[in-house]
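Following the hints, put chain B in place on chain A, whose structure we already have.
These are the residues of each chain, in order.
Number of protein chains: 2
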Amino acid sequence: MAHHRIALNMKGVPYKTIWVDYCDIEPLSLKLDAPPSTTRAGAPLYTLPLIQDPSTGATVVDSFAIAKYLDATYPGGITLVPEGTDAFQTMFIDVLPSLLTQHLLLLHITRIAPSLNPHSEDYFRRAREMHFGNPLAEIAPVSTHEALWKQAFEGFSHVHGWLNANGECKVFFMGHKPSWADVALVSVLAWLRIYNGRESREWKELMTADEGRWARLWGAMEKYVHRDGGEALP
Amino acid sequence: MAHHRIALNMKGVPYKTIWVDYCDIEPLSLKLDAPPSTTRAGAPLYTLPLIQDPSTGATVVDSFAIAKYLDATYPGGITLVPEGTDAFQTMFIDVLPSLLTQHLLLLHITRIAPSLNPHSEDYFRRAREMHFGNPLAEIAPVSTHEALWKQAFEGFSHVHGWLNANGECKVFFMGHKPSWADVALVSVLAWLRIYNGRESREWKELMTADEGRWARLWGAMEKYVHRDGGEALP
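One line per chain: the protein sequences are A and B, in this order.
Residues 1 to 234 (the UniProt record's numbering) are what the first sequence spells out, left to right.
Residues 1 to 234 (the UniProt record's numbering) are what the second sequence spells out, left to right.
Hints are not guaranteed to be accurate.
Identical copies go unnamed one by one, so any copy, or any two together, can satisfy a pair.
[What the hints assert, rightly or not] Here are the simulated DMTMM-like pairs of lysine to aspartate or glutamate, each with C-alpha atoms no more than 20 Å apart in a straight line:
| id | residue 1 | residue 2 |
| --- | --- | --- |
| 1 | K16 | E211 |
| 2 | K177 | E83 |
| 3 | K16 | D53 |
| 4 | K68 | D53 |
FYI, nobody ran anything at the bench for these hints, they're computed from the structure.
Computed from a predicted model, the values in this text were never measured in an experiment.
Here chain A stands alone, though its shape is the one from the complex (with noise of 0.2 Å):
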């Protein structure tokens, strides 16, 4: 579930959504005179996501970027990345995967790929296949199941450890008012619900942990994450 797409509903700025194939991501950057977010081997890379706001005529590329840009151009309402926590957002996002989002791709890795249309499907298992250095089927055999869905809850415990700083009562990472951390957090609770149902164990696992913390964070958050058009998350 996309960060950006969480944050333009928070931020309650209507949009539309265009899917993109791999492939078609520098062609249509390069069109839309967008930078590309970073290099690779020296060469420019065009990344998704990307807004193109007809209001002000801007192209932002990259998901923090999109965010400081919705909160510049659209004040009012929530606050993604309040006034100094530039940087504690960032760490958080860089702390993430080590600590709950690689474990969660290893573990949904082989239901990711069917979910792409064709072209994507066969770029995400092609990069993947070459990251890992193994077939998709064989970078998280089923026998290593439970123990990534451990570590991924160990990772939620964790981080449940740092939010516990902030006393009783409190659902968002700064408190009172959800931010981009907490955008970061529910669209991992997202996916993790897409790929495998609010009946799966793992999704009643995680409703009861941690004291009740990610229901309650999902319960407060859940209207942003809804598709286009309102569509509720199956």
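Chain B in isolation, oriented as in the chain A frame:
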């Protein structure tokens, strides 16, 4: 260099330091009716730092709790833990050892022991030897120092990367105002300077690294790092 003394200096709260040997921490805590900060093997564990505030009668244990107490009791001036940042500050303190301080602890370990008084040196030596399962001199032999310094140096650069999210000309973790995360970073800098000296290769390398970030942070915070009575560091 202890976080709580930098915090007291930032708050401008006058204080007197009493040095306590490891073996005297528990009896002193019991005498002052100070709570244990945690447990070890089921038994209460009494730790330093501990402050006793004669103006309120409060006894507070644990450096983060001391910071929160100082903000609540002396709200003027610098706020150590700005509202909404408790979890972020806690996360930073939690990730700092794996990035930075565990490498520096090993690098300095044979220099720390003889800087303590004999009772504490003996306790420190035994505790570390038990933890690492090696005589103190063999925990991090000189042949490992170059690699340890490189790891610490990379840890600083990693934090620099997060701080770059604040944009240009921002000295502190939260931008224009110092907070608890800066206390943690500056106490690492002070520690490094105490054990290496201002003329050391390590200090000079760090002061020119990462686009001068650490030199600027030290410049802004050095005034809070003096010892009792305003004595400057070596």
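ask   = Okay, which hints does this one fail, numbers in order?
value = Failing hint: just 1.
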